[in-house]
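What follows is each chain in one-letter form.
Number of protein chains: 2
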Amino acid sequence: MKIGKYKADEYLELIKEFHGSTAPGMIAGGFMVDLGLRNLPEGEFFDVICETSHCLMDAVQLLTPCTIGNGWLKSFYTSRFAIIIYNKYTGDGVRVYIDTEKLEKWKDIKVWYMKEIDKTKQDTGKIISQLIEAGSEYMSVMKVKVKEEYLAKKKKKSQPVAVCPSCKEVYYLKFGDKCPACSGNIPYDAV
Amino acid sequence: MKIGKYKADEYLELIKEFHGSTAPGMIAGGFMVDLGLRNLPEGEFFDVICETSHCLMDAVQLLTPCTIGNGWLKSFYTSRFAIIIYNKYTGDGVRVYIDTEKLEKWKDIKVWYMKEIDKTKQDTGKIISQLIEAGSEYMSVMKVKVKEEYLAKKKKKSQPVAVCPSCKEVYYLKFGDKCPACSGNIPYDAV
Numbered sequence: 719m720k721i722g723k724y725k726a727d728e729y730l731e732l733i734k735e736f737h738g739s740t741a742p743g744m745i746a747g748g749f750m751v752d753l754g755l756r757n758l759p760e761g762e763f764f765d766v767i768c769e770t771s772h773c774l775m776d777a778v779q780l781l782t783p784c785t786i787g788n789g790w791l792k793s794f795y796t797s798r799f800a801i802i803i804y805n806k807y808t809g810d811g812v813r814v815y816i817d818t819e820k821l822e823k824w825k826d827i828k829v830w831y832m833k834e835i836d837k838t839k840q841d842t843g844k845i846i847s848q849l850i851e852a853g854s855e856y857m858s859v860m861k862v863k864v865k866e867e868y869l870a871k872k873k874k875k876s877q878p879v880a881v882c883p884s885c886k887e888v889y890y891l892k893f894g895d896k897c898p899a900c901s902g903n904i905p906y907d908a909v
Numbered sequence: 719m720k721i722g723k724y725k726a727d728e729y730l731e732l733i734k735e736f737h738g739s740t741a742p743g744m745i746a747g748g749f750m751v752d753l754g755l756r757n758l759p760e761g762e763f764f765d766v767i768c769e770t771s772h773c774l775m776d777a778v779q780l781l782t783p784c785t786i787g788n789g790w791l792k793s794f795y796t797s798r799f800a801i802i803i804y805n806k807y808t809g810d811g812v813r814v815y816i817d818t819e820k821l822e823k824w825k826d827i828k829v830w831y832m833k834e835i836d837k838t839k840q841d842t843g844k845i846i847s848q849l850i851e852a853g854s855e856y857m858s859v860m861k862v863k864v865k866e867e868y869l870a871k872k873k874k875k876s877q878p879v880a881v882c883p884s885c886k887e888v889y890y891l892k893f894g895d896k897c898p899a900c901s902g903n904i905p906y907d908a909v
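Protein chains in written order, with our numbering: chain A, 719 to 909; chain B, 719 to 909.
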């Protein structure tokens, strides 16, 4: 069972290194990305949207060229475990999701995914084994077209910057005469 | 000049592989993360907040255990090129930022950072050379305390899930009797 270009055990090592643990969501996520890529026309430039903000994002970053920092991976939170891989200019793409009907066959995965047992009491070893056995068997693919407003612009305009008169740091001038932090949107206090 | 545990050329290889290019922001970002880590008390469990959504996020993901998918890296957009590395429970930490006064000495970096010349006309080779020469010389560190509402909770409550009666996918029940996508928050059309 391969995940992208990796054998399952290589992928487990990789996610331990990058994500910090072999979380079930990272394993399911790996197979999800793999299935999505296999259903995309070859050679396309694509972007990815994750419908959840956790594990899945890291699986995308490890298995595709898309990262949060290069802007080719975005999160659009719908609370569902799903990804959309699509042509960044036309929006044509595929969405891979967990198919609850197919999940009936995979009892251990269902315990984890549907939270049938409290997380602290789940048998993680058993869940991981079944995730690797199942691959993407409990997932489905649908064709989608990503809406215009979420597509990449072919030519991005360079945005002017300025030094904020209050904090003296550089910010995008479009935010007004002070940076957003000095306008009150700040997560910390100086000490 | 080292960036985290990497020599500059190793780091350049790493970012080309992960981020897709040796973007100046990834190089400045690497030194920024490195400076932050060197100013943090050793052995602390920390989280990271990026004040911008681009390059910098990938530098954090490559040089610390914090990723977008494991939840230890977050974005809090203020339009400024800065990171906050902090104790995830107490909020005590450091903020590293580009110090515009110190930047005067580094003309090529300033051309890039202040967008003094249109991006298409910048001499990227020269900028990258100076970024590597300067290291974190044009950055400053300030002590901060991250606000209570952005800190990690010691014990997270497990949230119940349900199958959405409309799309039949699993979602967090706290969003109501349908998932957020079926409630209208959806980035695609099925085709």
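Each hint should be verified, as a subset may be incorrect.
It does not matter which identical chain is used: a pair holds within one copy or between any two.
Mimicking SDA-like on lysine to any residue, the simulated pairs with C-alpha atoms at most 25 Å apart in a straight line are [stated by the list, open to error]: (1) Lys873 to Ser739; (2) Lys720 to Glu735; (3) Lys844 to Asp727; (4) Lys725 to Glu834; (5) Lys863 to Glu735; (6) Lys874 to Ile850; (7) Lys825 to Lys875; (8) Lys872 to Cys900; (9) Lys844 to Glu735.
These are calculated hints, taken from the structure and not from any lab test.
Tested hints:
For a Cα distance limit of 25 Å, the shortest separation of Lys873 from Ser739 across copies, 18 Å, qualifies, whereas the shortest one inside one copy, 39 Å, does not. Taking the closest pair of Cα atoms, Lys720 and Glu735 come within 25 Å of each other both inside a single copy (18 Å) and across two copies (21 Å). In the homo-oligomer, the alpha carbons of Lys844 and Asp727 lie at most 25 Å apart inside one protomer (15 Å), although the nearest pairing across protomers, at 42 Å, exceeds that limit. In this assembly of identical chains, the alpha carbons of Lys725 and Glu834 never lie at most 25 Å apart, being 30 Å within a copy and 48 Å across copies at closest.
In this homomeric assembly, Lys863 and Glu735 never come within 25 Å of each other (Cα to Cα): the closest approach is 34 Å inside a single copy and 29 Å across copies. In the homo-oligomer, the alpha carbons of Lys874 and Ile850 never lie at most 25 Å apart, since the shortest distance is 42 Å inside one protomer and 27 Å across protomers. Proximity of Lys825 to Lys875 under the C-alpha cut-off of 25 Å is restricted to the inter-copy arrangement: shortest distance 24 Å between copies versus 51 Å within a copy. Taking identical chains as interchangeable, the C-alpha atoms of Lys872 and Cys900 are never at most 25 Å apart, the minima being 32 Å within one chain and 30 Å between chains.
Proximity of Lys844 to Glu735 under the C-alpha cut-off of 25 Å is restricted to the intra-copy arrangement: shortest distance 21 Å within a copy versus 34 Å between copies.
The structure is inconsistent with the numbered hints 4, 5, 6 and 8, although it conforms to all the rest.
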